[in-house]
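Participant: With the hints as constraints, model all of the structure from the sequences given.
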Amino acid sequence: MSDFLATVVVGLGTYVFRAVFIVVLAKRRIPEVVLVALKYVGPAVLGALIVALLTDPEGNVQIGVPEVSAFVAGGFVAHRTRSHIWTLFAGMVVYWVVRALV
Amino acid sequence: MSVDRAAARQGVIDALPLFVPAIPFALVIGLAITESGMNPFVGWSGAWLIFGGAAQLTLVTLLGTGVAVAAAVGTALVVNARHLMYSAALAPTFQSQPRWFRWLGPYLLIDQLFALTTVRAPDEDPDSFRSYYLAAGATFWALWLTVVAFGLLLGPVVPEGWNLEFAIPILFIGLLVLGIEHWPEMVAALAGAGVTYLAAGLPNRTGLLVGAFFGMIAGFAAERLRRE
Numbered sequence: 147m148s149d150f151l152a153t154v155v156v157g158l159g160t161y162v163f164r165a166v167f168i169v170v171l172a173k174r175r176i177p178e179v180v181l182v183a184l185k186y187v188g189p190a191v192l193g194a195l196i197v198a199l200l201t202d203p204e205g206n207v208q209i210g211v212p213e214v215s216a217f218v219a220g221g222f223v224a225h226r227t228r229s230h231i232w233t234l235f236a237g238m239v240v241y242w243v244v245r246a247l248v
Numbered sequence: 038m039s040v041d042r043a044a045a046r047q048g049v050i051d052a053l054p055l056f057v058p059a060i061p062f063a064l065v066i067g068l069a070i071t072e073s074g075m076n077p078f079v080g081w082s083g084a085w086l087i088f089g090g091a092a093q094l095t096l097v098t099l100l101g102t103g104v105a106v107a108a109a110v111g112t113a114l115v116v117n118a119r120h121l122m123y124s125a126a127l128a129p130t131f132q133s134q135p136r137w138f139r140w141l142g143p144y145l146l147i148d149q150l151f152a153l154t155t156v157r158a159p160d161e162d163p164d165s166f167r168s169y170y171l172a173a174g175a176t177f178w179a180l181w182l183t184v185v186a187f188g189l190l191l192g193p194v195v196p197e198g199w200n201l202e203f204a205i206p207i208l209f210i211g212l213l214v215l216g217i218e219h220w221p222e223m224v225a226a227l228a229g230a231g232v233t234y235l236a237a238g239l240p241n242r243t244g245l246l247v248g249a250f251f252g253m254i255a256g257f258a259a260e261r262l263r264r265e
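Note that the protein sequences, when read in sequence, are chains F and U.
Going by our numbering, the first sequence opens with residue 147, and the numbers climb by one from there.
Going by our numbering, the second sequence opens with residue 38, and the numbers climb by one from there.
Any given hint might turn out to be false.
Here are some, though not all, of the chain U residues that point toward chain F, as calculated from beta-carbon distances under 8 Å [to be verified]:
| # | residue |
| --- | --- |
| 1 | E72 |
| 2 | M75 |
| 3 | P77 |
| 4 | T95 |
| 5 | A109 |
| 6 | L212 |
Everything labelled a hint here was simulated from the structure, so no lab data went into it.
Glycine residues also receive a C-beta, built at the ideal position from the N, C-alpha and C atoms.
Facilitator: This is the structure:
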């Protein structure tokens with residue numbers, strides 16, 4: 147049940163983000179400082195999330211050679227192809243291969 | 038007020054190629070729902086309740102790893118905060134639209150739809166804009182709900198030993214790389230990752246929020262340096 151509630155809250159919040167200027171604040175402008183800060187929310191959260199996903203329940207970050215190799219390969223392919231499909235493919239293949247080798 | 042059929046048809050045609058990159062994303066969300074152990078229907082409901090891949094994937098994976106619910110919700114919302122910018126950018130175009138569309142339109146406003154509609158002429162006929170927007174948005178919506186469901190069916194079939202949950206951080210790496218245009222964004226990402234690493238031992242995984250916060254500050258500071 148709390149999973150469902152959490153999903154509803156995120157859904158409502160997302161709708162408010164998307165609607166607030168279109169529905170109510172059309173004549174207002176976002177302050178420059180907020181716009182600049184918003185630009186860095188995405189990269190900062192993604193960087194934090196990647197580490198959080200590799201953290202075990204005891205608070206230890208589980209990152210080894212296979213993970214780092216896969217990130218480097220995935221990042222490189224994402225940069226070159228701009229494609230999620232190829233990024234995923236390259237990252238997972240490198241992860242499996244390196245894991246089998248080390 | 039009427040439907041512009043040509044604009045609607047164009048909306049569907051433009052939406053299809055943009056949906057292709059979202060397919061692996063939807064599949065990974067389906068797998069993540071299976072992995073997290075949450076009720077599959079509740080997990081799938083996120084596809085239409087949130088209708089945003091990165092936030093849904095964040096929420097599902099964090100709930101599955103035993104993060105405090107408030108921290109999971111907070112992080113997922115922060116991930117979607119960029120939609121404030123989309124809302125502000127499209128607000129002038131929506132001024133000439135009927136009230137029902139000003140309420141309904143934002144629900145569909147995902148990254149891809151923003152990319153498609155923000156490049157259209159600002160003085161476009163309101164009926165054409167609305168027809169295009171709704172047709173493209175409905176196309177994304179229907180495909181998204183279908184592919185997430187498909188990922189849920191696929192989840193239990195994939196062998197455990199493949200460690201397919203590792204696809205999630207790889208997808209985030211991809212999103213990150215595609216989002217970096219200047220070095221301050223790189224600074225934000227590295228600071229976010231580094232501080233989260235140092236704060237990994239904090240209770241309820243609040244290190245994630247601490248890391249994200251410091252990452253944002255670092256990016257902001259780097260931008261100031263770049264401008265000077």
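Participant: Which of the listed hints are broken here?
Facilitator: Failing hints, ascending: 1 and 3.
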